[in-house]
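So the chains spell out like this:
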Amino acid sequence: MAKTNPGRFFEDYSIGQTIQHAVPRTVGAGERALYHALYPARHAIYSSDAFAQACGLDAAPLDDLAAFHVVFGKTVPDVSLNAVANLGYAEGRWLKPVWPGDTLRSVSEVIGLKQNSNGRTGVVYVRTTGFNEKDEAVLTYVRWVMVRKRDADAPAPEAVVPELAKTVAVEDLVIPEGLTFDGYDYDLAGEPHRWGDYEVGEQIDHVDGVTVEEAEHMMATRLWQNTAKVHFDTSARPDGSRLIYGGHVISMARALSFNGLANAQMIVGLNAGAHANPCLSGDTIRAWTEVLDKAETSVPGVGALRLRLVATKGGAPFELRGEDGKYLPEVLLDLDYWALCPI
Amino acid sequence: MAKTNPGRFFEDYSIGQTIQHAVPRTVGAGERALYHALYPARHAIYSSDAFAQACGLDAAPLDDLAAFHVVFGKTVPDVSLNAVANLGYAEGRWLKPVWPGDTLRSVSEVIGLKQNSNGRTGVVYVRTTGFNEKDEAVLTYVRWVMVRKRDADAPAPEAVVPELAKTVAVEDLVIPEGLTFDGYDYDLAGEPHRWGDYEVGEQIDHVDGVTVEEAEHMMATRLWQNTAKVHFDTSARPDGSRLIYGGHVISMARALSFNGLANAQMIVGLNAGAHANPCLSGDTIRAWTEVLDKAETSVPGVGALRLRLVATKGGAPFELRGEDGKYLPEVLLDLDYWALCPI
Amino acid sequence: MAKTNPGRFFEDYSIGQTIQHAVPRTVGAGERALYHALYPARHAIYSSDAFAQACGLDAAPLDDLAAFHVVFGKTVPDVSLNAVANLGYAEGRWLKPVWPGDTLRSVSEVIGLKQNSNGRTGVVYVRTTGFNEKDEAVLTYVRWVMVRKRDADAPAPEAVVPELAKTVAVEDLVIPEGLTFDGYDYDLAGEPHRWGDYEVGEQIDHVDGVTVEEAEHMMATRLWQNTAKVHFDTSARPDGSRLIYGGHVISMARALSFNGLANAQMIVGLNAGAHANPCLSGDTIRAWTEVLDKAETSVPGVGALRLRLVATKGGAPFELRGEDGKYLPEVLLDLDYWALCPI
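For the protein sequence lines, the chains are A, B and C, in the order given. 252 is the number that full-length UniProt numbering gives to position 252 of the first sequence; each next residue is one higher, with no gaps. 249 is the number that full-length UniProt numbering gives to position 249 of the second sequence; each next residue is one higher, with no gaps. 279 is the number that full-length UniProt numbering gives to position 279 of the third sequence; each next residue is one higher, with no gaps.
Derived from the structure by calculation, the hints contain no laboratory data. A hint or two may mislead.
Unchecked claim - Calculated lysine to aspartate or glutamate pairs in the DMTMM-like style (CA-CA distance at most 20 angstroms, straight line):
#1 A:K134 to B:D187
#2 B:K3 to C:D293
#3 A:K166 to A:E290
#4 A:K3 to B:D197
#5 B:K3 to C:E202
#6 A:K229 to B:D205
#7 B:K229 to C:E191
#8 C:K3 to A:D205
#9 A:K96 to A:E136
#10 C:K294 to C:D334
#11 B:K3 to C:E199
#12 A:K134 to B:D58
#13 C:K134 to A:D58
#14 A:K3 to B:E191
#15 C:K3 to A:D197
#16 C:K166 to C:E91
#17 A:K134 to B:D185
#18 C:K3 to A:E290
#19 C:K3 to A:E199
#20 A:K3 to B:E290
#21 C:K3 to A:D293
#22 C:K3 to A:D187
#23 A:K3 to B:D185
#24 A:K294 to A:D172
#25 A:K229 to B:E191
#26 B:K3 to C:D187
#27 A:K3 to B:D205
#28 A:K3 to B:D293
#29 C:K3 to A:E202
#30 C:K229 to A:E191
#31 B:K3 to C:E290
So here's chain A without its partners, still in its complex pose (with noise of 0.2 angstroms):
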């Protein structure tokens, strides 16, 4: 009996189907030192306990990023140790904070299945929730990816295509219990800026760069246990590159968008996402944000942001698609996402 796991493939998945994914995970001090070695995190809600408390909260959460990533790592074995491609994300929803000390599992349910027509991969949507310790759901999340077939003859199931939502209802949105923006200082935030102060259709420019180095994006991918082998091997890739994570960019990209974003505090919600394009070592990420959408929530003072935060590795700012529609070959993450932000 072969012992190591060889992934799953199209056939594996069947509507229905539910994955307790292995490997829990206590996170705590040390994973919040890494992430703001990593990312050039300053959402001050995630680097100060004091100013967490005064927002309501017992402690500083682990950044929601941070949980998302430890999340999702646990489900790469199972999901996407063969996929061809990452093709999106939907319904995603931060549920609880996590704080230092929670251990993290992850279950996924088979929502969707779509074999292409080539006959050789499928698409497989997949609804993954993680738990804390106590059994609370801590995030949900949608996410589909293109998965090889073991065998191309094999038949292809029924087709199912989830309806997802295009944006997480403002009324869906979870504010973390107890929070207040009441006694909220912006001079230790490092912004002036209130949800009022936004725009929607506002665009801003996040100024700075971060060139990535091997070490560090490897650091990431394993920090979250995601073990997808082009991140780490550099035979696992016809040219020898190793790719980056997507997450990584993703939280590259949110740590710079602080420049300007400050007080969009925490992400309560994912509404879509795309890698547009690979990441690799040597780019340096740049970041903007296009405001999509403003909401007031059950909260009082606590106002929610639709952000569009776009990644790129050269270029100009507010460039996201050619004439032809596509991504531009230079933009590297497309996400749509909602924070919360005082009012």
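Position chains B and C against the provided structure of chain A, taking the given hints into account.
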């Protein structure tokens, strides 16, 4: 009086000498997180407090190899600063888990000395023991190294070569207090293979590979406060390369062995080990395992697997030595250890 | 309204101005571990809770330079984003240890302004103080930087150049509450040399070297939330190189100085400092020390050593300036500090 440490030379050792190694170290959540960032470590008992508690422990201990590296690192300034080669390990036993907050220190006793026939070097055997802040021994092992003489004309000491056990006897393995695999969750652990599923002689190719970088191995080696110049200083070796600490290869290979040995949870014995060839930045480390032996332990449900873990930087799996009996040039590590596995 | 921070220009400062720097930061076990991974730090009082407790402290504090970097990092967006050069330090005093769990913030007061004769730049002097979450000052120092003018035609302010002490007087050094070296364990500390063993004028070559890598210095600089573009972005300087944060060189040199100064345990005063030449990835950092002064302190058994710590990227030890009085091109750092040492 010169104040810097020139390291000890062969003449500076005598049989029975006890060396109190410097710089005790408190380990905790930060070292745990860094271990996960530096190695693709996924054994659940070290990753999750909740999983470790379900196995009867108070919390996830520090990875057994991290404990080894901390204890080992302290010995370098006293034992191997002038070492020409790290020749072997024997009689290694983990005696107590290392918990976050523990402070470790190391003590070595010189148990063997043998001058080489060239008169310029000699072999020093030390038995090193790591202690926690309660002066409880947590780890012990024998290591022997080839050390330069300060003065080739100094007389040779009487040769003393200790008799060392070929393997640690199963009855000498210490099972951590309280450890039980009765409620073991194979889904969360990541693989279904039990102790009974492994056969003596079975070989496992761990499939994955990691291409290593300078920044990573230096961070790891510093984390263990290992001060050997060859790991850090490009002017220390004629070709300008930095030699990667052998322990980095051990940890990388052990982490890679998760894929096929996810349930070989805790290392409790180190029977032997050889760093067959040097590892340099840019090498892609892979690993394979051969099951050398298996035995039940004093604790019902807890089995022991004796495993040969081989790390390579190329070549085919399961090839170890050439026709001349020497290690193949692509073999980095040949390690013989005992791990605990649910029966 | 542009929302990104362009940094302040010379005209934006006025005497007496107080700047509340943004993004408080909680530090802990993660930062401690990362400090050990990034630098070969071995001073026992920062490495071991048990050792620190034997010296009368509650636990091992965060390394004094890590505390400095966190406090310093917060000032960068407000003080040195448009700086041409970091000119000097003075009157630095560590006032309280920083403990794991402390939250640090920084406040600066502008105490000097002097436009340069070229009309395009000016020198800004700030006194920066770091506070913990109890609003206790933990560190204070003066720094002066050369900053660009936004508009060369803007009128020059009245020149104010503060009178700064050449060195911090011994009676102004703050000995951490409870500190005692009465039960000091020289074996565990790593060297036998006491305060009485050092002579004014004595020079120590710290022997070891570390070749630095891009990934390391960027991780360190991000960890301190220092946002200066030149450290991260290869497009920020004409030659595509990333300038290494001067504080990275300070920490590397101080850690290397363990070899010969293992008992110069705690830094309590910063008298002066110059970043003599830029440090780039690939440079091999070495260090040497000259004992400039020594004094007893108010606490029996606790002596102070005034030390010149020089970091180089080549050349011979103990050479600092050329015949023209300028720093030799291989000198990176000339730092003048007070450390506490058992008498």
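Hint by hint, here is what the structure shows:
no. : hint             : in the structure
1   : A:K134 to B:D187 : holds, 18 angstroms
2   : B:K3 to C:D293   : holds, 18 angstroms
3   : A:K166 to A:E290 : holds, 17 angstroms
4   : A:K3 to B:D197   : holds, 9 angstroms
5   : B:K3 to C:E202   : holds, 11 angstroms
6   : A:K229 to B:D205 : holds, 15 angstroms
7   : B:K229 to C:E191 : holds, 19 angstroms
8   : C:K3 to A:D205   : holds, 9 angstroms
9   : A:K96 to A:E136  : holds, 8 angstroms
10  : C:K294 to C:D334 : holds, 18 angstroms
11  : B:K3 to C:E199   : holds, 12 angstroms
12  : A:K134 to B:D58  : holds, 17 angstroms
13  : C:K134 to A:D58  : holds, 17 angstroms
14  : A:K3 to B:E191   : holds, 8 angstroms
15  : C:K3 to A:D197   : holds, 9 angstroms
16  : C:K166 to C:E91  : holds, 8 angstroms
17  : A:K134 to B:D185 : holds, 16 angstroms
18  : C:K3 to A:E290   : holds, 13 angstroms
19  : C:K3 to A:E199   : holds, 12 angstroms
20  : A:K3 to B:E290   : holds, 13 angstroms
21  : C:K3 to A:D293   : holds, 18 angstroms
22  : C:K3 to A:D187   : holds, 14 angstroms
23  : A:K3 to B:D185   : holds, 17 angstroms
24  : A:K294 to A:D172 : holds, 14 angstroms
25  : A:K229 to B:E191 : holds, 19 angstroms
26  : B:K3 to C:D187   : holds, 14 angstroms
27  : A:K3 to B:D205   : holds, 9 angstroms
28  : A:K3 to B:D293   : holds, 18 angstroms
29  : C:K3 to A:E202   : holds, 11 angstroms
30  : C:K229 to A:E191 : holds, 19 angstroms
31  : B:K3 to C:E290   : holds, 13 angstroms
When the structure is compared with the earlier hints, no violation turns up for any of them.
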